[in-house]
Amino acid sequence: MGIDFQNVDFKYAKKATTKQLDQVSFSIQEKDEFVMILGQTGSGKSTMVQHMNGLLLASGGQVRIFDQNIIRSKKLKLKPIRRHVGLVFQFPEYQIFESTVLKDVMFGPKNFGKTKEEAEQLAKDACQLIGIPSDLLERSPFNLSGGQMRRVAIAGSLAIDPDILILDEPTVGLDPKGKDELMDLLVDIQQKTHKTIIMITHDMDIVANYAKRVLVMNHGKLVYDGTVQELFENESHLKQYNLDLPTSALLAKGLKEKGLLDYQRLPLTKSQLYTAIVRGGEDNE
Amino acid sequence: MNDSIVFGQYIYRNSFMHKLDARVKLISLVLMMIGVFLIPKDHFILLGIAFLIPILAILFSKISLFKYLKSLKQIAFVMLFSFVFQLIGNHNGELLLKLPIQFTVVNIAIVVLALIIYFIVRKYLPFKFLIFVLLLIGATYLFRYPIYGHIIHSFDFLIYQEGVIHGLFLIGRVFVIILASTSLTLTTKPTDLTNALEWLLQPLEWIKIKTSIFAMMISIALRSIPTLFNETNRILKAQASRGADFNESSLKEQIGQMVSLLVPMFVISIKKAEDLADAMEARGYIPGEKRTRLVKMTFKVSDYMVLGAILLLFVLLILGKCGVYAL
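First to last, the protein sequences are chains A and B. Counting from 1, position 117 in the first sequence corresponds to residue 116 in numbering that gives the first Met the number 0; the numbering is continuous, with no gaps. Counting from 1, position 253 in the second sequence corresponds to residue 252 in numbering that gives the first Met the number 0; the numbering is continuous, with no gaps.
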């Protein structure tokens, strides 16, 4: 089992009355999963993912990562856990500090005890996976564009070669083209390496297009764990969790209300909407 | 992340001290600091009167005494050392105590060992300061009555009356000042404090020094501390995810990892400063130009009364110092 939460509670201070995490239970496999975490700001998404590599320790309940019980203990070393579970923060480009792209990506592997040559190889592989052209490797990362800097930062975590990669809103602040490119790359990485990828996002179109499994957080509680289709078809839930529909679904719903389109399953992506419209046309004929 | 962290020690209460004008509090503090140092040496009655002022401030602030004592704790080491130095250095007055001190290999070794153990396990100990004082007392006892071993060096540790009195007076002085400044920072918002400072420095405008710029700089600096703190936390966590753990690495690794924190922090600070400068310019901020205020500071009757009382005490002290009457 990769990540396993059992009734996890978290409070910032012992006496605090509000819980950032409230009885959260779920588990995620160490291979071949693509999980998206949704929820409004302050719902506990970031807090939850920080539990997944031991940056925060639960106040109650049990967190197990790769069968290691994560508890507050002097004996427990967290570094090996971070070797298995990589976490990329929001706006990761701020973590860049080295003089060249390659050196910065090598920072992670070197921290985990790899030799210079091994680290260089891992860094080069990671850069290739995330689509950084090799002529950029010796350039200063501070002269790159925002999208490229973000890739360098993600490569920094990828180079550690974690089994599970967690990304906190990796697409925020990127233009639509950059978003799609990055998402395609992540899917590609997931398929090639069979790593489990967990990401936090607010973008419902990305959820509709790429998610296999969705977790929804609301006021510190895990309120939904299931497929995308089910989530978006239950409108009362969406309202309750303050979630929007993907653009294509919104359009489809509008068309249906006007009587212009009919469908059994709510189309969530562009291609599903396209099929629904084409099929609808055929039925009329 | 840590939304609860607000810079400074300000604690909100609805009390007399909180309502008092920040300017009055600031002037009072400055006068008190000067006054306390003008008190003639070892004049405990005047020090007692000075001591009454922060005591009154504490009583009227509705904040628990514990918070005040906390600020004293930080400076306890300094106070202890100045006291010890007075004890050792001041050889006036009556001889109170004569301690023959004898250094032997054994007792030096024991004391050094005890100190090393103390500094290693210190992190996990409660009442650190108390234990440290006990350790010092224990060490003195050991040097006084050496158990075993060849005496390397011996001398008499002499304590004179004036050393003790002056040491106590010194501690009392620092005590009063720390309590007074703590009651200022506990009951005044940092922004009010900078506004008060700006008002107080107004005379400098006559010699063409733009005090408002400095006040703005101070308030921006104060405002940035929690933001930078949060950013530091985020970068620390991000680098920890890349294996740079400051708790679990050797010293050599840690130095290299410091760079991974410092460089991003520089980049972030400069970026934020640039953004702030643009935002200020967009809202028409011109350095040194006359600005209007959202909240006008006005003196109330109570402000005048407090200021009057403090001024009176100060003038009385000065007159006494100048020899108009005997203190």
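Incorrect hints may appear among the rest.
What the hints assert, rightly or not - Under the rule of at most 20 Å between Cα atoms (straight-line distance), these lysine to any residue pairs were calculated in the SDA-like manner: (1) B/Lys-270 to A/Phe-141; (2) B/Lys-66 to A/Ala-12; (3) B/Lys-236 to A/Lys-220; (4) A/Lys-102 to B/Lys-69; (5) B/Lys-270 to A/Lys-220; (6) B/Lys-69 to B/Leu-235; (7) A/Lys-220 to A/Lys-78; (8) A/Lys-13 to B/Phe-102; (9) A/Lys-78 to B/Ile-176.
No wet-lab data here; the hints were simulated from the structure. Note that the coordinates shown come from a computational prediction; the quantities given were computed from them, not determined experimentally.
Okay, the hints, checked on the actual structure:
no., hint, in the structure
1, B/Lys-270 to A/Phe-141, "holds, 12 Å"
2, B/Lys-66 to A/Ala-12, "holds, 19 Å"
3, B/Lys-236 to A/Lys-220, "violated, 24 Å"
4, A/Lys-102 to B/Lys-69, "violated, 45 Å"
5, B/Lys-270 to A/Lys-220, "violated, 36 Å"
6, B/Lys-69 to B/Leu-235, "violated, 28 Å"
7, A/Lys-220 to A/Lys-78, "violated, 28 Å"
8, A/Lys-13 to B/Phe-102, "violated, 49 Å"
9, A/Lys-78 to B/Ile-176, "violated, 47 Å"
Checked against the numbered hints listed earlier, the structure breaks hints 3, 4, 5, 6, 7, 8 and 9; every other hint is satisfied.
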